[in-house]
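**Q** Listed here are the chains, written in short residue letters.
Number of protein chains: 2
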Amino acid sequence: MIELNFSNMMDEIIGRSGLSESTIKDFNKTAENAHAKIKKRLRPELAFLDLLYQDTPEIKNIAKYIRENTENFLLLGIGGSALGPRAILEAISPFHNLQRKPRVFIYDNVDPRTLKNILSFADLKTTSVNVISKSGSTAETAASFMILWDEMKKVLGGEAFRRFIITTDPEKGNLRRIVNEHCLMSLSIPPGVVGRYSVLSPVGLLLAEVIGTDSNELLKGARDMHEKCTEPDLLKNPAYLFGTLLYLMDKEKKRNIDVLVPYADSLKPLSEWFCQIWAESLGKEDKGLTPYPSLGTTDQHSQLQLWMEGPEDKVLIFIRVRDYGSDIKIPGVFKEVEGLSYLSGHTLSELIMAEEEATELALAKAKRPNMTIIVPEINAYHLGQLFHFFELSTAFTGFLYEINPFNQPGVEEGKSLTYGMMGKKGYEEKRKEVEAQRAKRDRWVI
Amino acid sequence: MIELNFSNMMDEIIGRSGLSESTIKDFNKTAENAHAKIKKRLRPELAFLDLLYQDTPEIKNIAKYIRENTENFLLLGIGGSALGPRAILEAISPFHNLQRKPRVFIYDNVDPRTLKNILSFADLKTTSVNVISKSGSTAETAASFMILWDEMKKVLGGEAFRRFIITTDPEKGNLRRIVNEHCLMSLSIPPGVVGRYSVLSPVGLLLAEVIGTDSNELLKGARDMHEKCTEPDLLKNPAYLFGTLLYLMDKEKKRNIDVLVPYADSLKPLSEWFCQIWAESLGKEDKGLTPYPSLGTTDQHSQLQLWMEGPEDKVLIFIRVRDYGSDIKIPGVFKEVEGLSYLSGHTLSELIMAEEEATELALAKAKRPNMTIIVPEINAYHLGQLFHFFELSTAFTGFLYEINPFNQPGVEEGKSLTYGMMGKKGYEEKRKEVEAQRAKRDRWVI
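Note that the protein sequences, when read in sequence, are chains S and R.
Mapping of the first sequence onto the numbering used here: residues 1 to 446, in sequence order.
Mapping of the second sequence onto the numbering used here: residues 1 to 446, in sequence order.
A portion of the hints provided could be inaccurate.
[To be verified] With a Cα cut of at most 27 Å, we get these calculated DSSO-like pairs of lysine-lysine:
id : chain 1 : residue 1 : chain 2 : residue 2
1  : S       : K236      : S       : K25
2  : R       : K365      : S       : K228
3  : R       : K365      : R       : K254
4  : R       : K25       : S       : K335
5  : R       : K254      : S       : K367
6  : S       : K172      : R       : K220
7  : R       : K125      : R       : K153
8  : S       : K440      : R       : K253
9  : R       : K25       : R       : K253
10 : S       : K39       : S       : K335
11 : R       : K60       : R       : K101
12 : S       : K101      : R       : K440
Hints listed in this document are in silico derivations from the structure and should not be mistaken for laboratory results.
Model the full assembly from the supplied sequences, consistent with the hints where possible.
**A** Structure (structure tokens):
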């Protein structure tokens, strides 16, 4: 099981910058209220908790078909439809495209240069395309789907229809309509499950299976984590405690930037996945915490200076890996150079773990709060634990802030303005608004 | 030339959240002081300004040798020694390893799993290794260098000596000593030039040439930018104005998170490069600005909600690209589905640019300050402009904060503790400190 070491958040260790045991214990009542909302499934979006108990034969079948019939797997999606799959891909199979098939391309933007590149080296004759959008109306995903639909038909004719797998709402939306009209393969994101809580739905599980990972391992990890988080008592519930500590650091210490620092290259996309769920769920009504995606040891040479001596507005969350699964010994070369030879005989694992521990301690000595999630090994089982840990924690923390952790009203205005500019019916006024604004903005340019 | 549109920072557009023209003009005196420090080269570290006028035949020769004799180029470095090269690689040659040779691997960590992977598919017989460390004592880089030194000698024997290119101080340090002892190829980072200001030294230029980019284009871009930034008058100097606006947003509006959002996949590493120079230069003495690496349109589905409705602590900096160099038309498919068909006939460029403009406007309407750097095209010339723009701006902003923008005293403690744990002579007490701390931390784990 993953563990949470929160010693460096406590006043016992870091003095007045830390929290006291009694503050946490006194918070149990508030925590119980938030827990009740989760337990009673107060909101339909808590359906993400049911994903843990799903059966996956359909996902496995489609993945088998993809693996046996194609050499490139192109995923079209953005936000929650891409970040979870990428976190799985990189954690389980780093450098995947240099060594394994089907190669995986995740296109989560509308950058024309990127898509041109992908089309230039993914032979469409041997490509399958997974289009992911819960609502079925995401503009970015729709645009790339339309392009691929056209291109695949040019190359494959009628066979193209058997190369699209649509992951969307079981009944509603543009994508479901297209699935029905063209008899496409499809997978369903259960009603209620919001994009950023969907990694353990077919959104993430299909990719997992395509790269040869048993999706049940991810689900088993998530279930085991859930079982560890059923009690409202904060000091026995790591997901709730994690959210509570960050909530209290915001409220009591004005620290509202939460930096996630995994000490493993392959967990950087997990950090970016966390940044979506934390930011979009909690950032509203002028409240919220700003999650920051980082990477150790790399960012010790980029961000550590700021963490150590910059404004007192951050909490550091390290992810320590106990076993990297492989190791390399630093050989006894350059013996005459004392500035280097101390490294000889150690392994890279020893060095990376020493740096992680040293960074924790250096921060604690500077009275800068930090905590550590300890992961025994990077595999599907522990990744499932991490996903569920953060998802449950996010929902719980949203309830502490008394906001809705499942909506994102702030993104609507930008969408409407885009619709206006792209000529969507009913958004004519929005277009005019953009054009009026352009004229005003000419003055302040250098 | 790149341009800076700062309209949405001004009170004329965003009301009380913005800055007034008079505030900026009144600031000219303070700006002149900072400018004088730069002009008089008050600090030796301002030597980065001289890089713009260097000759590059040596770099070109070594790059030619690498291109002609090897198929893999492995760069070992961390922080400033890796972020600049990666920003160049991704901007100029995205998906490089899937289509061009020599393939490039940048190893900027001590994750054993990553290095195992690289060693498994980079045939060392056809590999050259560029080791980059200004000081010559960076532990992470030293560790990977020692491993590669040993492995390359096993595979190549004496020929291995001709496959290492060391980029370091011209005279001092462990790496220079090794260059001299083993007669290795080397390039010099001029004295005074600090790691995070070194991208336009051989640190970044060698990689540029290895991937077939004329390093003089990068330098020419930087020189042209410098010429645009010689006057202290803020409204005529984009680099100074950029720093001033962010400084004033911190001081006057308590906005101290600066989010950089390029609307191009290939500029994401530039955003990470910026985050190092901005964080490590300015984050000290409990002051500083927190730079945040982002990406459009992708993060509209991850961070935009927080930017629009979260705490009022951010300034958004967009990078708009005028010409992506290639484009793709969205075809007229799914005509019967009104929710999608509005996209038909537009191009991906139109969509990504519309989204960028829509996001700016949506934020401005919500009175959230933002500005836009407009880049005509992504190429070496404009990349050189961007590097110099940010470097000059960082030094200038450091002087506004009255701190030293060239040191990083906060990282020393972590290094010392690591040395202690790795058994480096003279750091025995640090090891004891770590061990003592471990015992204390056992209580707060769940």
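**Q** All the hints need checking, so say for each whether the structure fits it.
**A** We went through each hint and held it up to the structure:
no. : hint              : result
1   : K236(S) / K25(S)  : 11 Å, holds
2   : K365(R) / K228(S) : 45 Å, violated
3   : K365(R) / K254(R) : 19 Å, holds
4   : K25(R) / K335(S)  : 60 Å, violated
5   : K254(R) / K367(S) : 23 Å, holds
6   : K172(S) / K220(R) : 55 Å, violated
7   : K125(R) / K153(R) : 10 Å, holds
8   : K440(S) / K253(R) : 23 Å, holds
9   : K25(R) / K253(R)  : 17 Å, holds
10  : K39(S) / K335(S)  : 61 Å, violated
11  : K60(R) / K101(R)  : 17 Å, holds
12  : K101(S) / K440(R) : 48 Å, violated
Taken one by one, the earlier hints fail for this structure at numbers 2, 4, 6, 10, 12, listed in ascending order.
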